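A.B. asks: Top line first, the protein sequences correspond to chains A and B. Just so you know, we're using the UniProt record's numbering here: the first sequence kicks off at 1 and counts up by one. Just so you know, we're using the UniProt record's numbering here: the second sequence kicks off at 1 and counts up by one.
The set of hints was computed from the structure by calculation and includes no laboratory data. Please note: incorrect hints may appear among the correct ones.
Straight line, CA to CA, 20 Å or less: simulated EDC-like cross-link-like pairs of lysine to aspartate or glutamate [what the hints assert, rightly or not]: (1) Lys-61/A / Asp-97/A; (2) Lys-282/B / Asp-97/A; (3) Lys-106/A / Glu-383/B; (4) Lys-192/A / Glu-383/B.
Listed next, the stretches of chain B that the computed footprint assigns to chain A, with coverage defined by at least 3 CB atoms under 8 Å from CB atoms of chain A [to be verified]: (5) 340–349; (6) 354–368; (7) 384–390.
Please read all numbers here as calculations on a predicted model, not as lab measurements. Glycine is no exception: its CB is placed at the ideal position from the N, C-alpha and C atoms.
Letter by letter, the chains look like this.
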Amino acid sequence: MIRSFRLTSLLSAAKPLRSFACSSSPARVAPPCASFAEEKSSPPPNSLSITPPKTPLFLTKPSHAAPLSEVWKWHDWAKDLASSVDNSSTKAEDSLDSILLLRELKWLIEDSIEADHPVITGTEVTYDGEKSVKLRASLEELYDLWRQRIEKRRPFQYVVGCEHWRDLVLCVEEGVLIPRPETELIVDMVEKVVTRDEWFKRGTWADLGTGSGAIAIGVARVLGGCGRVVATDLSPVAIAVAGNNVKRYGLEGVIEVREGSWFEPLKELEGKLVGLVSNPPYIPSDDIPGLQAEVGRHEPKLALDGGVDGTDSLLHLCDGASRMLTSGGFFAFETNGEKQSKMIVDYMTVDLKNSFSDVKIVSDFAGICRFVTGFRL
Amino acid sequence: MSSLIINRSRSRAVLLWKTHVIKIASIFSHAFADSDSASGFSSDSARSFKTTSSGFGSRKISNLAFSRSNFVSTTRPLSSEAVHVASTCDRLTVERIIANQWPILDENESDWKSHAAAIAQSIQVIKRRLQWKKLLVRLRMLSVELNKPHLWDDPTHAGKISREHGSLTGKMKGVMTFERELLEHIDMLKLAKEEKDSELESETMSALMEMRRVSKEKELEALLSAENDHCSCYIEVQAGAGGTESNDWASMVMDMYKTWAQRRKFSVAVVDEMPGEMAGIKRATIKVNGEYAYGYAKAEVGVHRLVRISPFDSGKRRHTSFAAVAVIPILGDGSTRVQINDSDLRIERFRSGGAGGQHANTTDSAVRIIHIPTGITATCQNERSQHMNKASAMAVLQSRLDQLEMARQTAMNAQHTQSLTEISWGNQIRTYVLHPYRMVKDLRTNYEVSDPDSVLEGDLDGFILSFLSSSLDKGDDEN
Chain A
1 MIRSFRLTSL LSAAKPLRSF ACSSSPARVA PPCASFAEEK SSPPPNSLSI
51 TPPKTPLFLT KPSHAAPLSE VWKWHDWAKD LASSVDNSST KAEDSLDSIL
101 LLRELKWLIE DSIEADHPVI TGTEVTYDGE KSVKLRASLE ELYDLWRQRI
151 EKRRPFQYVV GCEHWRDLVL CVEEGVLIPR PETELIVDMV EKVVTRDEWF
201 KRGTWADLGT GSGAIAIGVA RVLGGCGRVV ATDLSPVAIA VAGNNVKRYG
251 LEGVIEVREG SWFEPLKELE GKLVGLVSNP PYIPSDDIPG LQAEVGRHEP
301 KLALDGGVDG TDSLLHLCDG ASRMLTSGGF FAFETNGEKQ SKMIVDYMTV
351 DLKNSFSDVK IVSDFAGICR FVTGFRL
Chain B
1 MSSLIINRSR SRAVLLWKTH VIKIASIFSH AFADSDSASG FSSDSARSFK
51 TTSSGFGSRK ISNLAFSRSN FVSTTRPLSS EAVHVASTCD RLTVERIIAN
101 QWPILDENES DWKSHAAAIA QSIQVIKRRL QWKKLLVRLR MLSVELNKPH
151 LWDDPTHAGK ISREHGSLTG KMKGVMTFER ELLEHIDMLK LAKEEKDSEL
201 ESETMSALME MRRVSKEKEL EALLSAENDH CSCYIEVQAG AGGTESNDWA
251 SMVMDMYKTW AQRRKFSVAV VDEMPGEMAG IKRATIKVNG EYAYGYAKAE
301 VGVHRLVRIS PFDSGKRRHT SFAAVAVIPI LGDGSTRVQI NDSDLRIERF
351 RSGGAGGQHA NTTDSAVRII HIPTGITATC QNERSQHMNK ASAMAVLQSR
401 LDQLEMARQT AMNAQHTQSL TEISWGNQIR TYVLHPYRMV KDLRTNYEVS
451 DPDSVLEGDL DGFILSFLSS SLDKGDDEN
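Sequences are here, hints too, so could you generate the full structure?
C.D. replies: Below, the structure is given as structure tokens:
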């Protein structure tokens with residue numbers, strides 16, 4: 001059977017007809033309880049108590065196969081589901097956006113189908129519907145994953161098990177904060193500092209509350225192999241995930257992942273760090289219940305809740321920075337926004353007088369006062 | 001391609017040496033004395049012919065007695081102009097072949113005159129497309145420039161000059177070699193006939209047939225000989241006024257280019273896409289990667305008009321919609337590119353308000369980069385990280401600024417360097433009619449096709465090639 005490539009746009013012009021045609025597809029879906037992720041990563045029998053990090057979809061072996069026509073059916077169903085999400089929610093940040101969902105669907109296809117995904121997205125000239133394609137998850141799992149995304153509001157990054165961040169692809173899973181685009185700028189700032197002064201390249205950096213290891217890996221890569229980075233986290237899941245990401249980028253020799261709270265695992269480095277970076281939990285506790293569903297329902301509170309006014313961890317970091325950084329050392333912290341940034345700058349320049357120089361607020365690309373940076377005197 | 005010709009001419013030369021010990025002399029001027037084709041030939045008995053511009057048409061060259069000694073010579077007119085006219089031993093030149101108006105028969109007909117006439121005609125077309133006279137003038141200017149003693153004081157300028165000189169010399173040599181090869185084959189064929197060497201005759205005949213085939217390819221190549229034609233490019237489509245109907249049309253146009261590019265084995269990546277409210281796109285940018293992507297796609301610049309019964313009109317009325325297309329070359333590393341200062345840039349991220357940071361989990365990391373001095377912007381949202389979106393938007397911005405600079409600096413074919421905002425909606429290049437009749441017609445060339453579906457499915461080469469050839473082939477005085 002040869003189908004015309006124009007299907008995509010034809011279908012989008014005739015939406016009602018399509019949803020009618022596809023209404024039968026969901027019936028063939030596996031029961032929602034089938035947990036794909038757990039099946040995938042069943043640990044080897046001799047493994048210890050700590051569960052190893054999950055394998056993201058794009059690294060899974062393409063051990064499933066399905067006829068293209070069936071994959072198409074899934075794709076149409078998923079597209080329909082994405083197009084029909086309710087955009088009426090009054091809180092803009094807490095509603096699903098069809099356009100974004102369609103883009104995510106494209107990426108889900110990229111991650112789950114081996115090689116020639118244009119076949120699915122409908123840009124290929126002609127193709128054979130009977131042809132079999134290799135999948136990294138079974139069709140049933142794909143139906144289930146997309147349902148989780150839309151009905152359970154499971155973050156897309158947990159669905160595919162990875163987040164593209166800077167030029168990295170980081171494995172993420174429940175229990176680890178998904179690194180945010182804003183946080184990429186911390187690495188940009190570090191890059192600027194180390195290009196200006198080679199001294200920073202040779203010293204030891206610390207990334208506290210590393211989560212997936214994103215900042216630590218980003219920093220290690222701009223150090224260019226000379227210095228080293230110590231990444232800490234309180235959560236064992238984060239430690240496992242970060243360790244795995246470090247390994248994936250071959251940075252075991254540069255980054256050391258240590259389990260523990262903030263500066264605790266760094267005792268021997270007191271006064272020796274040339275750089276200190278962190279994206280600590282900074283959301284005020286009262287804001288936690290009202291968070292966007294993807295965040296509030298799925299991401300770890302430990303990585304989000306910053307206490308009454310959100311600055312508990314940040315203030316702790318400020319105190320630690322004065323103790324841990326060597327003279328001339330650089331720090332960059334992410335904050336909740338203007339109010340918090342100003343508070344931190346205040347604290348560092350007044351309460352911790354004569355400890356820091358050049359303390360300033362840096363905005364993210366959305367224009368929000370996002371970071372506080374400076375140097376140890 | 002030129003190496004292919006050289007190889008072929010070498011093997012033929014060996015053949016010639018084996019079967020007939022005949023001396024062929026080639027006289028090349030300093031500029032064209034490429035050792036590849038001259039080596040192996042002794043020039044001690046060389047004779048040069050002076051070509052005169054008068055009266056060659058009246059001469060019955062084919063009836064001239066065939067002389068025992070064969071020569072293919074390249075003669076230099078007394079004026080010592082850089083134009084070298086190759087001819088056979090009996091003074092047959094490409095121009096004379098054309099003047100003879102030998103009938104061009106089917107390729108399978110074993111008639112050397114037919115082949116020769118077809119090849120000569122192709123050579124003429126190629127020269128016209130390369131703007132031969134201008135090319136020679138430019139080449140002379142560049143040679144003068146290259147010989148200036150302090151040229152390399154400005155390495156950027158010098159690099160540009162020597163690159164252009166190299167590229168033009170290559171093109172010129174290619175044509176000259178091809179021309180010479182044709183005449184050599186003709187000599188060979190006549191010789192074979194005279195010697196009744198049927199093996200050599202059929203060998204030469206098939207060589208001529210092969211040349212005829214190659215000449216058609218060369219005609220096409222010559223269409224894409226402008227400076228940046230070999231580059232990859234961005235194609236941008238913007239919907240005209242009219243909401244959903246024209247947004248849908250814009251996305252149809254974009255799909256047309258995506259499939260066209262894929263058929264041509266170019267790789268396609270969506271860089272920027274602003275969807276329409278109901279359907280289609282308001283505007284979109286794709287990156288088309290591959291050799292000569294720009295050379296082909298530049299033919300599509302302008303406004304594309306659609307006439308159809310709108311599927312979005314419940315009254316089933318006929319609608320006319322417009323979509324504007326712009327094409328931007330992505331200059332290679334060798335080219336001089338505009339320097340962008342970081343301090344001239346403002347980088348913005350689209351958000352629907354909100355606190356951002358840890359509060360928000362979104363896969364949307366689109367960025368817009370604004371070049372403050374020019375007001376030029378670039379957007380990318382299809383990458384999976386903000387960093388990559390930024391890099392991709394920077395690349396678009398760079399190309400837009402390069403394009404602006406090119407338009408400013410040179411008097412390049414203005415219509416190809418227009419940016420999307422400059423394309424006037426009056427500048428219609430093509431109409432696609434789906435109702436009441438079915439036709440796609442190019443308003444520049446009058447090229448038309450009665451099957452709009454095939455065109456919308458990316459079958460655009462007919463339109464592109466007819467436009468490229470018409471824009472280069474007009475004005476016979478060029479040659």
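A.B. asks: All hints, please: hold or fail.
C.D. replies: Hints and how they fare:
no.	hint	verdict
1	Lys-61/A / Asp-97/A	violated (31 Å)
2	Lys-282/B / Asp-97/A	holds (18 Å)
3	Lys-106/A / Glu-383/B	holds (11 Å)
4	Lys-192/A / Glu-383/B	violated (24 Å)
5	340–349	holds (count 3)
6	354–368	holds (count 13)
7	384–390	holds (count 5)
In this structure, the earlier hints numbered 1 and 4 are contradicted, and the remaining ones agree with it.
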